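**Q** Chains as they are written, first to last, in the numbering used here: chain A, 1 to 670; chain B, 1 to 315.
Derived by calculation from the structure, the hints in this document are not laboratory data.
These numbers come from a predicted model, not from an experiment.
We put the CB at the ideal spot given by N, CA and C, even for glycine.
Any given hint could turn out to be false.
Mimicking DMTMM-like on lysine to aspartate or glutamate, the simulated pairs with C-alpha atoms at most 25 Å apart in a straight line are [unchecked claim]:
(1) B:LYS53 to A:GLU4
(2) B:LYS53 to A:ASP564
(3) A:LYS76 to A:ASP194
(4) B:LYS285 to A:GLU4
(5) B:LYS27 to B:GLU210
(6) A:LYS76 to A:GLU4
Beta-carbon label-pair distances, calculated as ranges [stated by the list, open to error]:
(7) B:VAL181 to A:VAL592: 20 to 30 Å
(8) A:SER46 to B:GLY254: 40 to 50 Å
(9) A:MET1 to B:PHE5: 50 to 60 Å
(10) B:ARG35 to A:GLU466: 31 to 41 Å
(11) A:ARG469 to B:LEU41: 30 to 40 Å
(12) A:GLY329 to B:GLY254: 50 to 60 Å
(13) B:VAL33 to A:SER554: 29 to 39 Å
(14) A:GLN463 to B:GLY177: 45 to 55 Å
(15) B:TYR44 to A:SER591: 40 to 50 Å
(16) B:ARG35 to A:VAL556: 29 to 39 Å
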Amino acid sequence: MVLEALLVCIAALLATAGLGLALVRRRAATVVVYAITLLATAAATSLGVAALLSPAPTVGPLVLPVGLPWLGAHFKLDALGAFFVVVINLGAAATSLYALGYGRHEEAPGRVLPFFPAFLAAMNLVLVAADAFTFLFSWELMSLSSWALVMAHHRRAGNAAAGYLYLLMASLGTLALLFAFGLLSGPSGGYPFDAIRQAPPSAAYAAAVLVLALIGAGSKAGLVPLHAWLPLAHPAAPTHVSALMSGVMTKVAVYGFVRIAFDLLGAPSWWWGALVALVGGITAVMGVLYALMQSDLKRLLAYSTVENIGIVFIGLGLALAFEANEMPGAAALALTAALLHAFNHSLFKSLLFFGAGVVLGATGERDMERLGGLIHRLPRTALAFLVGSAAISALPPFNGFVSEWLMFQAILLSPALPQWLLKFLVPAVGALLALSAALAGACFVKAFGITFLGRPRSAMAAQAVETDRFSLAAMFVLAFLCLLAGILPGYFIDALAPVIQSLAGAHLPRQESLDWLTIVPIAQSRSSYNGLLLFFFIALAASLAAEAIHRSASRVVRRSAAWDCGFPDPNPATQYTPGSFSQPIRRVFGSVLFRAREEVRMPAPGDATPARLQVRMRDVPWDVFYAPIARIVGFVAERLNTLQFLTIRGYLTLVFGALVALLMVLAAWQ
Amino acid sequence: MLDLFVQFCQMTVVLAAAPLLAGYVRKLKALLVGRRGPPLLQPYRDLARLLRKEVVLAESASWLFRAAPYIVFAATWVAAALVPTFATGLAFSYAADMIAIVALLGSARFMLALAGLDVGTSFGGIGSSREMMIASLAEPAMLMVVFTLSLLAGSTQLSYIAAFMQGPAVGLRVSLGMALVALVMVAIAENARIPVDNPATHLELTMVHEAMILEYSGRHLALIELASFVKLLLYISVIGCVFAPWGIAVAGQGFAAYLAGLVVYAGKLAAAGLLLAVFETAMAKMRVFRVSDFLGAAFMLGVLATLLLFVSRLA
């Protein structure tokens, strides 16, 4: 029943895509399309919640006579799928609500309205697909519809190049997944997931599938070094689509990896965990350091997505390592941390992108160099963005802290792992996680502080006006959920229990019955955390202090010019800029990682030209991975070009040579 | 019931003793360089005077600038209230383990760094930016120390760690030594002490913490000052309860044990304050960009200590 209803929602979304195409010239199209997507995704969210909380979450398989004629399209919803249905549709519903307001400013609605519902439908289809063909088809539909959305403003500088790179990387990812499913299905072509589960691949094939899945899903999720497209493509799309791509689509990629690595592949080997956790750790630190170096607000957020995906993969890697060593309790903890972080990230990243969209709409500016002081002009947006910033910086009492805390607890269980490589690797990954958490704090002090605080750095920023009520409602719903998941994490962990049970064979103890809603992942004597009490105490202490001071001491306030050591300068250019804010961190980390070089050109004494500071940074993954591949492809293309200008004798020789070579291969094969 | 009472005493003690500790360190530092120094109770008088004065608010300041001192103070106080000082068995110690305490201090720092950027002056920016650079190394170093301790004690709860360190199972370990050094280095950096920062400076280009709070005045400044006093006390208490856990009263012991605990705690604070004063007098402040070397060393020590524990625990 749930599955059928979900498929109806998906069909409604697909129909809305057609409706968007038909109505494109009407003024009402925006409202109609986003209202329908809001309803459909809200319905899908509640269906997902219902499935997750029901005692038997698995429904299906349902086979529809579409797709390959001898196969049909298999659909199934299990606990894992239901969890991701909630994550994706909650984010999508918030985005639709936001877009009811934001979408009206769209200059080219015809390029957005048809693809937006198709994108949502495709993401949902990936989650319910239960055979390799349907999965890959939906995956590709998701890639293509999001590509079309990235290209909505294709005339803007850089967007076409971003779209091109995205298309390339998406093809690479799908190709890897195609091979992965090819190996999983085996020569007999058992495409349905149930058939794959019954015949898990041999160890060598399983290893190949894992690496292919890491490439396929990792390129979509933004794992370093496959992340290069993400910070270009996500910000290029209209902002509500950026939120969807960063907050939601990366979770579909996480789903794809979890589905293959934890469900279809059977029992893992220990080195899988080492590989995944290491890639995750490097991704987390590289992502946040890149984010710190940006001055474009949306690109900063996109790089921060890379960081958070890294954190999720750290958890997944730990879970694989624990599972391989038959420690189901620890695996359950690591997996809970990873999936909870994926959920949390979908909340606060969507929220932050919404805020960036409001800033963009109100000032026409994404570059923080020309923003500032917006807390006076956009007070509500500023509050919501502040909550999102605190949550993503893993600060208590918000939700980001809970998942990172669980992640740390999982790391603290890992000395029991027997393999030596893991013994060296896991503490290093823990250090990387701690580093990325601290750097994320710096990054979001910068993002919020430079954009919203201080004095406006441009006339546009000084005249910004607060946004419409739909956008505000969407942001406040998400901000409230960030706080709720932070102070009542026990309920969210309990809701995850069936998912974890199905994947790791164990789950965390029930949390909801504990006193004061404390969370205790293992045992009271080991660790416990209570966000509700902390929130309550902070609020109590702050109001006590305020009450005591206002009652017994002074409450006089005098407005005056800023003190600034006696030399306040009215020019807003004297404030710290995004570049100067991150300069200390750039000097500490960037000189190695980004080969950052600062060059100061001082004019000769008496010369009136201004001094110049120039910073040069290189994108090392790009230089190491992408540039050589691009060079090789260019070189080969140039050489192959001569094939087009052969004589007829040349072509005949080529065909004959190819035939002989193939026959020899065939002979050698048998 | 007793738990609640101990918890209440703890909250009062940390709040009441923190300014005294600051005054004591200042007095000692003055004596060490041959000055007479301000009286011990001067910080209380400063706070009282600041509370009575009006707030001079910059024209470009927003609501965040006015709310930040309360949040900073509240988060720091709550964190300090959860560290066992003279007695374990705090009623709410289960609400936050050591990781959460570190993160609470992170919340306070996050708000303070934002407040530094709020008025839009260059000094506020310099302070915030440098503070976050220092934090980006100090916080992971602190977490590595937490890892080391909790791997040994099998718990991230401070009260359990303290009980473990009092017990016979500890022994002398290389990891503990490294963790102690790293923790002291982090404590120095986090509390803006020499050689990382100078709490007494108002020389423009060397300020970090003071630059961030330059625009604050009146009751807001009083709260921030009090929060920084409490933070110093918190770090000393953490070092005391982990590395010198003797004399901490345990739940169930009588009234006399609590009294003895208080006396021993005062002794620990006095000793730590003396060490801090001597250390600060003997050192010169280092350049801002050398701080990363200092904290990088702390971080590496923490990582090594953790790694040693991972490797030494054979299955």
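**Q** Look at the Cβ atoms of MET1 (chain A) and PHE5 (chain B) and judge whether their distance stays inside 50 to 60 Å.
**A** holds (56 Å)
**Q** Regarding the pair LYS285 (chain B) and GLU4 (chain A), is the alpha-carbon distance no greater than 25 Å?
**A** violated (69 Å)
**Q** Just to be sure I understand the hint, the distance between the Cβ atoms of VAL181 (chain B) and VAL592 (chain A) should be within 20 to 30 Å; is that true here?
**A** holds (25 Å)
**Q** Please work out if LYS53 (chain B) and ASP564 (chain A) have their alpha carbons no farther apart than 25 Å.
**A** With a Cα-Cα distance of about 20 Å, the restraint between LYS53 (chain B) and ASP564 (chain A) holds, given a limit of 25 Å.
**Q** Hint says 50 to 60 Å; check whether the CB-CB distance for GLY329 (chain A) and GLY254 (chain B) agrees.
**A** Hint violated: Cβ distance 40 Å, outside 50 to 60 Å.
**Q** Measuring from beta carbon to beta carbon, are ARG35 (chain B) and VAL556 (chain A) in 29 to 39 Å?
**A** At roughly 35 Å between Cβ atoms, VAL556 (chain A) and ARG35 (chain B) fall inside 29 to 39 Å, so the hint holds.
**Q** Taken at face value, is the distance from the CA of ASP194 (chain A) to the CA of LYS76 (chain A) at most 25 Å?
**A** Distance of about 10 Å is within 25 Å: holds.
**Q** Between ARG469 (chain A) and LEU41 (chain B), does the beta-carbon spacing fit 30 to 40 Å?
**A** violated (54 Å)
**Q** For the pair we were handed, LYS27 (chain B) and GLU210 (chain B), check the Cα-Cα distance against 25 Å.
**A** Cα-Cα ~20 Å, so holds.
**Q** VAL33 (chain B) and SER554 (chain A), beta-carbon distance inside 29 to 39 Å?
**A** Holds: the Cβ-Cβ distance is about 35 Å, inside 29 to 39 Å.
**Q** Assess, step by step, whether the Cα of LYS53 (chain B) is no farther than 25 Å from the Cα of GLU4 (chain A), and give holds or violated.
**A** violated (68 Å)
**Q** SER46 (chain A) and GLY254 (chain B), beta-carbon distance inside 40 to 50 Å?
**A** violated (57 Å)
Figure legend: structure checked against the earlier numbered hints; hints not met, in rising order: 1, 4, 8, 10, 11, 12 and 14.
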